[in-house]
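Undergrad: Residue strings, one per chain:
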Amino acid sequence: MADKRSALTTNIRQNVAFYSAIAMLVALYLVYNMLHPRGFSAAVLIQNSNESVAIVFLAMAQTVPVLLGGLDLSVGAVMTLANCIASEVVNGSPLQIVLGMIITLATGTAFGLMNGLIVVYGRLQPIIATLATGAVAVGLALFIRPVPGGNVDDDISWALTNDLYEFVATYGLFDADAGWFQTISWIPVPLLIVVAIAFGVWLPFKRTVTGRTIYAIGSAEGAAYMSGLPINRAKIAAFTLAGFFAACGGLYLAIQTSSGNADITQAGAYTLNSIAAVVVGGTSLLGGVGGAIGSLVGALILRVISFYFRIVSIDPLLQPLVEGLVLLAAVSLGAFRTLRVKNQLNLFR
Amino acid sequence: MPTDSPIVQLSGVSKHFSGTRALEGVDFSCRSGTIHGILGENGAGKSTLIKILSGVLQPDAGTVEVAGKTVRFSNPEQAVASGIVCIFQELSLVPDLSVADNISIAAPPRTRFGLIDKRVQNRRAEELLARIKCEDVDPNSLVRELSLSRRQMVEIAKALGKDPKVLILDEATSALTSRDVETVYGLLAELRTAGVASLFISHRMHEIDKLCDMLSVFRNGQHIETFAKGAHSEGEIVKLMIGREVTAHYPPKPEPVPKPAYLTIDKLAWEGQLKGIDLSIGKGEIVGLGGLDGQGQKELLLGLFGVLRGLQGKVAILDHPCRPGSPAEAKSDAMRIALVPEDRKTEGLMLAMSIADNLLAASYDRVSDGPFINQDKARTAVSEGIAKLQIKVASPDDIVSTLSGGNQQKVVIAKWLMTDPDVILLNDPTRGIDVGTKQEIYKLIRELADRGKTILLYSSDYAELIGCCDRVAVMYDGEIVAKLSGDAITEEAIVAASLNVGTQSSLQAAGARHG
Chain H
1 MADKRSALTT
11 NIRQNVAFYS
21 AIAMLVALYL
31 VYNMLHPRGF
41 SAAVLIQNSN
51 ESVAIVFLAM
61 AQTVPVLLGG
71 LDLSVGAVMT
81 LANCIASEVV
91 NGSPLQIVLG
101 MIITLATGTA
111 FGLMNGLIVV
121 YGRLQPIIAT
131 LATGAVAVGL
141 ALFIRPVPGG
151 NVDDDISWAL
161 TNDLYEFVAT
171 YGLFDADAGW
181 FQTISWIPVP
191 LLIVVAIAFG
201 VWLPFKRTVT
211 GRTIYAIGSA
221 EGAAYMSGLP
231 INRAKIAAFT
241 LAGFFAACGG
251 LYLAIQTSSG
261 NADITQAGAY
271 TLNSIAAVVV
281 GGTSLLGGVG
291 GAIGSLVGAL
301 ILRVISFYFR
311 IVSIDPLLQP
321 LVEGLVLLAA
331 VSLGAFRTLR
341 VKNQLNLFR
Chain A
1001 MPTDSPIVQL
1011 SGVSKHFSGT
1021 RALEGVDFSC
1031 RSGTIHGILG
1041 ENGAGKSTLI
1051 KILSGVLQPD
1061 AGTVEVAGKT
1071 VRFSNPEQAV
1081 ASGIVCIFQE
1091 LSLVPDLSVA
1101 DNISIAAPPR
1111 TRFGLIDKRV
1121 QNRRAEELLA
1131 RIKCEDVDPN
1141 SLVRELSLSR
1151 RQMVEIAKAL
1161 GKDPKVLILD
1171 EATSALTSRD
1181 VETVYGLLAE
1191 LRTAGVASLF
1201 ISHRMHEIDK
1211 LCDMLSVFRN
1221 GQHIETFAKG
1231 AHSEGEIVKL
1241 MIGREVTAHY
1251 PPKPEPVPKP
1261 AYLTIDKLAW
1271 EGQLKGIDLS
1281 IGKGEIVGLG
1291 GLDGQGQKEL
1301 LLGLFGVLRG
1311 LQGKVAILDH
1321 PCRPGSPAEA
1331 KSDAMRIALV
1341 PEDRKTEGLM
1351 LAMSIADNLL
1361 AASYDRVSDG
1371 PFINQDKART
1381 AVSEGIAKLQ
1391 IKVASPDDIV
1401 STLSGGNQQK
1411 VVIAKWLMTD
1421 PDVILLNDPT
1431 RGIDVGTKQE
1441 IYKLIRELAD
1451 RGKTILLYSS
1461 DYAELIGCCD
1471 RVAVMYDGEI
1481 VAKLSGDAIT
1491 EEAIVAASLN
1501 VGTQSSLQAA
1511 GARHG
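Sequence order for the protein chains is H and A. Under our numbering, think of the first position of the first sequence as 1, with each following residue one higher. Under our numbering, think of the first position of the second sequence as 1001, with each following residue one higher.
Incorrect hints may have been included.
[To be verified] One side only, chain H facing chain A, incomplete, derived with CB under 10 Å:
| # | residue |
| --- | --- |
| 1 | A17 |
| 2 | S20 |
| 3 | F143 |
| 4 | K206 |
| 5 | T208 |
| 6 | G211 |
| 7 | R212 |
| 8 | A224 |
| 9 | G228 |
| 10 | Q256 |
| 11 | S258 |
| 12 | S259 |
| 13 | L345 |
[Claimed, not checked] Keeping only pairs whose Cα atoms sit at most 20 Å apart, straight-line, the calculated EDC-like set for lysine to aspartate or glutamate is:
| # | chain 1 | residue 1 | chain 2 | residue 2 |
| --- | --- | --- | --- | --- |
| 14 | H | K206 | A | D1365 |
| 15 | A | K1259 | A | E1447 |
| 16 | A | K1267 | A | E1479 |
| 17 | A | K1377 | A | D1365 |
| 18 | A | K1229 | A | E1255 |
| 19 | A | K1345 | H | E221 |
[Stated by the list, open to error] Which chain H residues face chain A? A few, computed with CB under 10 Å, are given here:
| # | residue |
| --- | --- |
| 20 | V16 |
| 21 | Q125 |
| 22 | A135 |
| 23 | G139 |
| 24 | A169 |
| 25 | T170 |
| 26 | G172 |
| 27 | L173 |
| 28 | A176 |
| 29 | T213 |
| 30 | Y215 |
| 31 | A220 |
| 32 | Y225 |
| 33 | S227 |
| 34 | V289 |
Derived from the structure by calculation, the hints contain no laboratory data. Where is the CB? At the ideal position from N, CA and C, for every residue including glycine.
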């Protein structure tokens, strides 16, 4: 018993940044709902979830290269590319739709794989390699979809962007009005998708040797090499996984907006916000510390902060300024640890 | 059990690095069930030999045989697969992963689904740590949170977990506490019975003498001689290593004259790791800090140098209070303190920068006109620094990491001497460097004292404290438990005080000082 408790305190002590991010998210979202005229309603939850999915996926995508100690500047572009591909292929018969989704995700994953190969075998810094490949991805997206538009199956759009009730009703899986279903029918489908991918892909991945090698590289690449870890495989896997998560974001964006849009500005903004979300979620930009679940929370924090602008009256022109200040405050919270450090040498470790 | 055919055999192995030879035509072999010591100054080729054996480097010429089969390792994994496991001098642990993760890092236990099984992994870590009597290390704690000596024990547990046939220990005991060293000795004896060959590299002669069955001496990249323990005396071995007669290990000490206090430390306390330190050091005096690793010696030095926040107590130079808030303040003209830190690779040097930049790092203000660095002054200062410590460099513009360990340490010391300090704090300045350089450093420390510097020297090597210091303060659990001077500085007294158990004579010595 005492052992269990000490294991728990060890866990909390080692993940202070992560747990404080969760606490911050819960507090922010509770206050938001209290201030909102229709707070604590399913409609607000569904709308908020829908608007968060893309950035959550991108933050998770960004996490993996950051854990290596690098940055992936192409995640927004890969998302845009996936978005444009999805707007071409996610329609038709149910089989075609599923196939289209697979094609979309596979393209993003392949793009990530290419990033990884370039970084490992081209021996380039990730930041510069992905700056270049990001431009390539946006170029491809523009080629596929020179003007915004496209066509995504209406049913899937409706089913995946609402609550479970609508999902079941749309496809007539069973009687959506069944009594037992009432308790969970309000849950937004986008929320489930994010949770399923985050916990179904990231957590198992973290427990593989490849996943752990990513942490080891970010923490001490020399020690990782000397321990005989598969360094190249882990780096390639990191960028591949980033490509997959980014494609998830792009696919969802297409489903949500029923269209594709090769918007260069949007791609850049999403990339930068993904870095902010990673930091707010407790992942160190130096690598080795953090995780995608933290970034998920970090991305949600950033989204909730922007939701506040709808219910608090602020001049829209001032919005970027206020957003910047809030972000600065959020990341500064992480710097408080430096005030507690008594041995100033530990600041550099 | 010693067998007739060697487990490892090198024939005609050579390795060159951009023109300089690291190994030249080396024939070397070692047998199962022996502990084989490898001796040689830094730069003698020991590290290269080990790196070739453990798959980090590939030989330019010659063959390596393991258990009769010719092998050519292209990475450490392949060496481990053949049963050759190395505990490196530079630790191979990943600081942000847990102890259990690190121990099983390359081949962790898996669940049915191929994922890492944390529970089995923790149990495995506990078992391995128990084998080296480190039950106090929590497998869940991060390596980052452990002290250097604990990390080294984790490193040993990690190597044990790979089930070695040949275990290479490269200075693997340099950071250990005496108790851990004993544990490692016991472990090596156990492995010998189990038929494992251990290759043991250490700069501590008494360790080699105590442990090894066979000894091999290397010099200038060549294998000089292999012989059974006892075939040569200590003096002869040293001669083989450096190729010249060593007359005295330590420079002679001057007559003990009481010196007026220059640096006075009064009831210094910090975070439960320093518990009221009282110590005064005179001008021209060398005071040694002894004790087991991690008893607060490092914190005391860091505290005096302005690195720690929240210190309590008083420190004064003559009558002026001396409590710097940062290293920048500590080295300023008002205080003139210098610290040669424990870990030269992270705290002492900027490894990727040139020798010249490293030498100037603490004294740019001395070679600058206004905001600009004066190149002439800088060049003069650098060549003075190199000459003063006889640092062997091809060009001051070379990257500092190309130097051998001993010369790197000289760069760190020269860097601080360039600030012309009055108080010099030294944290284990001879760890992991060769005999020749060690002696130069001892001589230098004595010269500095003779020129009126105030010196506080922490050393994990008792012989060094005995040979170098005018007085020795032994620390235990954040306190000074004994102050020894003159003839009372004996190995027995220091060891006893370090363990805070005391024999009759050392208790008397300690009592006399306290009283």
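Undergrad: Work down the list of hints and note, for each, if the structure agrees.
TA: For each hint, the structure was consulted:
1. A cut of 10 Å between beta carbons decides the hint on H:A17: the least distance to chain A is about 13 Å, and the hint is violated.
2. The closest approach between the C-beta of H:S20 and any C-beta of chain A is roughly 18 Å, which is over the 10 Å cut-off, so the hint fails.
3. Checking H:F143 against chain A by beta carbon gives a least distance of about 40 Å; that is not within 10 Å, so the hint is violated.
4. Proximity of H:K206 to chain A holds as hinted, the smallest CB-CB distance being about 9 Å (cut-off 10 Å).
5. Evaluation of the H:T208 hint against chain A yields a held restraint, the C-beta minimum of about 6 Å falling below 10 Å.
6. For H:G211, the interface hint holds, the least distance from its beta-carbon to any beta-carbon of chain A being 8 Å, beneath 10 Å.
7. Against a cut-off of 10 Å between C-beta atoms, the interface hint on H:R212 holds, since the closest Cβ of chain A lies about 6 Å away.
8. The beta carbon of H:A224 comes within 6 Å of a beta carbon in chain A, closer than 10 Å, and the hint placing it at the interface holds.
9. At its closest, the beta carbon of H:G228 sits 4 Å from a beta carbon of chain A; the interface hint therefore holds under the 10 Å criterion.
10. Proximity of H:Q256 to chain A is violated relative to the hint, the smallest CB-CB distance being about 33 Å (cut-off 10 Å).
11. Given hint, H:S258 at the interface with chain A, is violated; its Cβ is 38 Å from that chain's nearest Cβ, farther than 10 Å.
12. With 10 Å as the threshold, the beta carbon of H:S259 stays out of range of chain A, its nearest partner Cβ sitting at about 39 Å, so the hint is violated.
13. Interface restraint check for H:L345: the shortest CB-CB distance to chain A comes to about 5 Å, inside 10 Å, so the restraint holds.
14. Only pairs whose Cα atoms come within 20 Å are accepted, and H:K206 paired with A:D1365 is rejected, the gap being roughly 49 Å.
15. With a C-alpha separation of about 16 Å, the suggested pairing of A:K1259 with A:E1447 holds against the 20 Å cut-off.
16. Under the criterion of a C-alpha separation no larger than 20 Å, the hint pairing A:K1267 with A:E1479 is consistent with the structure, at around 10 Å.
17. Distance hint between A:K1377 and A:D1365 is fulfilled; the C-alpha atoms sit about 11 Å from each other, no more than 20 Å.
18. At most 20 Å may separate the alpha-carbon atoms for a hinted pair to count; A:K1229 and A:E1255 exceed this at roughly 38 Å.
19. Between A:K1345 and H:E221 the alpha-carbon distance is near 15 Å, which keeps this suggested pair within the 20 Å criterion.
20. For H:V16, the shortest C-beta to C-beta distance to chain A is roughly 12 Å, which exceeds 10 Å, and the interface hint is violated.
21. Because the smallest distance between the Cβ of H:Q125 and any Cβ of chain A comes to about 15 Å, over 10 Å, the interface hint for this residue is violated.
22. Evaluation of the H:A135 hint against chain A yields a violated restraint, the C-beta minimum of about 31 Å exceeding 10 Å.
23. About 36 Å separates the beta-carbon of H:G139 from the nearest beta-carbon of chain A, more than 10 Å, and the hint is not met.
24. The beta carbon of H:A169 comes no nearer than 35 Å to any beta carbon in chain A, farther than 10 Å, and the hint placing it at the interface is violated.
25. Against a cut-off of 10 Å between C-beta atoms, the interface hint on H:T170 is violated, since the closest Cβ of chain A lies about 33 Å away.
26. Evaluation of the H:G172 hint against chain A yields a violated restraint, the C-beta minimum of about 34 Å exceeding 10 Å.
27. Interface restraint check for H:L173: the shortest CB-CB distance to chain A comes to about 29 Å, outside 10 Å, so the restraint is violated.
28. A distance limit of 10 Å between C-beta atoms decides the matter here; for H:A176 the minimum to chain A is near 34 Å, and the interface restraint is violated.
29. For H:T213, the shortest C-beta to C-beta distance to chain A is roughly 8 Å, which falls under 10 Å, so the interface hint holds.
30. A hinted interface residue such as H:Y215 counts as satisfied when its beta carbon comes closer than 10 Å to some beta carbon of chain A; here the least separation is about 6 Å, so the hint holds.
31. For H:A220, the interface hint holds, since its Cβ comes within 10 Å of a Cβ in chain A; the closest pair sits about 5 Å apart.
32. Annotation: H:Y225 was flagged as interfacial toward chain A, and the flag holds, the nearest CB pair being 7 Å apart, inside 10 Å.
33. A cut of 10 Å between beta carbons decides the hint on H:S227: the least distance to chain A is about 5 Å, and the hint holds.
34. With its C-beta approaching chain A no nearer than about 5 Å, H:V289 sits inside the 10 Å limit, and its interface hint holds.
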